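**Q** Listed below are the residues making up each chain.
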Amino acid sequence: MLNKTLEFLRIADLQPSDEKVRKRSESAKDLSDLIAKRENRSLLLSCVQGVAVGFDGALFTHDASSATEVYKVINERDKTLPSELKENAVELRAVAAIALGELITAHTAREALLAATALNSALYSRPSVNEQHLRVILETLSAAARKMLQASADTRRQRNSDALKAFEALEKPADESDLWDEIMPVMSSVIKEVRAQDEVNQEELETLWWLFAGYSELEGKALTDLTVLGAALASGIELAQRAILPPSASAAGMIKRATEAGRKPEDLALVKLQDAAGQWSNAMSDSFSTAEVPIGKLTASYPVLFPLVSTCQRLSADGSSAKIAKEVKAQTGLALTHQHTPTEWATQVFREKILQRMLVDTKGQ
Amino acid sequence: MIVAVTCEKADCTVATTGTCLLSQPNPSECPHYRAKSASPASQAQEVKPQESEPEPPPVDLSATARRASRTFHAGIELGTVDAADIMKSRYGHVIAVLGSTDVGKTCFLCSLYLMASNAMLPSGYLFAGSQSLQAFEDRARGLREWKDGKLAKQLVDHTHLDTRQPSLLHLGLREASGERRRFDLLLTDLPGEWTDNLVKKASAADAFKFLARADGIIVVVDGKLLMADETRHAVQQEMIYFVDRLAGTVGVSKVTPFVLWVSKSDEIDKLVPPAATELAAHIEQHGYHVTVISAAAFSRSPAKVENGMGVFNAIETILRHQDVQGINAASEIPATRAFGRFRG
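Residue numbers (my numbering), protein chains in the order written: chain A, 483 to 847; chain B, -8 to 335.
The following block holds chain A by itself, in its conformation from the complex (with noise of 0.2 Å):
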């Protein structure tokens, strides 16, 4: 995506210069290099909270180091750059957003694919904002996003018999002493092919006959003996929880399916997120609760990529009142009064919870 420098670039300069376009597509390259590393993934989680909600929002003016190890970056190349965060805020959100777009649409490596989850995540429940050539930018990352994912999902799906047609292919040796060391091989990836094959076809299964079964596993009751809010939440979770990474886009229709199977349409009106994360509270920390990555630390420094499960953890702690909420807004991003459908916010959380997978998960791409 460093062919979109100028464009990017633009929300912080009407008419940048052929040589400040080059310097900032260099830094952006720099940066996208650094945050493909895996001991570099809290800049990179930064980043992503930096674009979706800018350098300048209370998050980094609490906390500046991330913005810091961007202006760094781009400081080696440009000198000219101020280096107070409310002089150059939009300036070091359009180089992130270059660097992130170059890592998802150039890289295959892990970090990418977080980079799209995590991107993903944060995007999905946000009111779209008003600024039209920032609105442009954030759409591009997003459906580079989305794009990157499908096609990663569809990759790790796809059924593949080449260790088998290599097996079939073999001949017996003349010398059979060394029959040994040339079947092993391909033995040992037929092996691997068919458990791999049998991963994929355990998620179908597993997500098919929960779906057919209509149960709450965490709940204990029929996904239709909850309440749609209730229903949203266990979909959300239990699905998340059943799906290999990243997730198959159908995710989003068959949370669709069990939020809203058997439910009047006016059980799906608009819910504000206060409504829907107070009655969420205790039973949404218990579901994001690991050992490996406890929730805690992640929203306490990425209440961007996790807004739901943020907002819910404060309201939870601290109660709602007028001053959580204008918090809640300052570090997430999303006002306590913003609304979406039951099915949509069931979406965030699954997005949430496949993100936190992602982040202790090893496998996958």
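The set of hints was computed from the structure by calculation and includes no laboratory data. Everything numeric in this text was worked out from a predicted model, so none of it was measured. Be aware that a few hints might be false.
[Said to hold, decoys possible] For lysine-lysine, the following BS3-like pairs were computed, each having C-alpha atoms within a straight-line distance of at most 25 Å:
1. Lys245/B x Lys629/A
2. Lys502/A x Lys568/A
3. Lys502/A x Lys144/B
[Unchecked claim] From chain B, some residues computed to sit far from chain A (all C-beta separations above 10 Å):
4. Leu105
5. Phe118
6. Val281
7. Met300
[What the hints assert, rightly or not] Below, a sample of chain A positions facing chain B; criterion: calculated Cβ distance under 8 Å:
8. Lys568
9. Ala571
10. Met736
Cβ atoms here follow ideal geometry from the backbone N, Cα and C, with glycine treated the same way.
Given chain A, work out where chain B should sit, using these hints.
**A** Okay, now just chain B, sitting in the frame of chain A:
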């Protein structure tokens, strides 16, 4: 060691004239002002040796940084480089005000300024500062006129005090309630000749390259001329050519909203001339979203038509425009398995 001075601003001549581009009374207080070591050859010409001066006392760096960030603006119109100083810190809404000579572009800007300065903005919006107050004031008083034969062919990087140049005017607005969002408007101040030139020759399109970053385009047309039998056909045809050039030669993005601002409505009983409606339909045919606004920047009969009618509506129409087409509708990759194709 002898110290020479320099400035980071490309067009600043402080090193030779001692005059700061940003009109700082003391240039050394300008955040872009820098001292640099002079070359041995140039040392002979220096008039102010620094060797005998005592070492400056250690300073509080945080205080220095605070002073450096305190920038004073000259208040005149902004060039593109000056505007970038605003845009890299906050999102700037670039609004192009286009139209032929004497149709009311400057009146639009002056009316907006006078509403803001007299606390007469529509309820819901507050004035939130401007870095070109003097520029607005000069236009309101008729002190800043275009000079014949000296027009720049592009938006200038930096503006000067002596002549009016194609540039930008800054106006900050804030929502009075709710999220209290801030909007930094960067409104173009362009000569009508640019529009006339683009109608005549495609090569004039270079001047409009900045429209790639525009958040909205206000096309100002003279309502009186569009209503009169003698002039309407010629004016309408000229603006049709102009819109064709914007869409074809300049290549304005289809997501950029247009406002067709019909000026001098106070003289045509607030009617929207049929020719304006036809022009709007032509803009729509190019795939743009367009809003027609009947307007009177300064009314000749304020009792019937209030001053500033339609001025802020044009701004609000652009700020509220949310129509991005085509990106979310990116084609899906068909999944290979039925499981992956399920959509509920």
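**Q** Next step is simple, just say for each hint if it's right about the structure.
**A** Structure-based check of each hint:
1. Lys245/B x Lys629/A: Answer holds: lysine 245/B to lysine 629/A is near 23 Å, not above 25 Å.
2. Lys502/A x Lys568/A: holds (20 Å)
3. Lys502/A x Lys144/B: holds (22 Å)
4. Leu105: Label holds. Min Cβ-Cβ 26 Å, cutoff 10 Å.
5. Phe118: holds (19 Å)
6. Val281: Label holds. Min Cβ-Cβ 15 Å, cutoff 10 Å.
7. Met300: Consistent with the label, methionine 300/B stays out of reach of chain A, its closest Cβ about 25 Å off (over 10 Å).
8. Lys568: holds (6 Å)
9. Ala571: holds (6 Å)
10. Met736: holds (6 Å)
Of the numbered hints stated above, none is contradicted by the structure.
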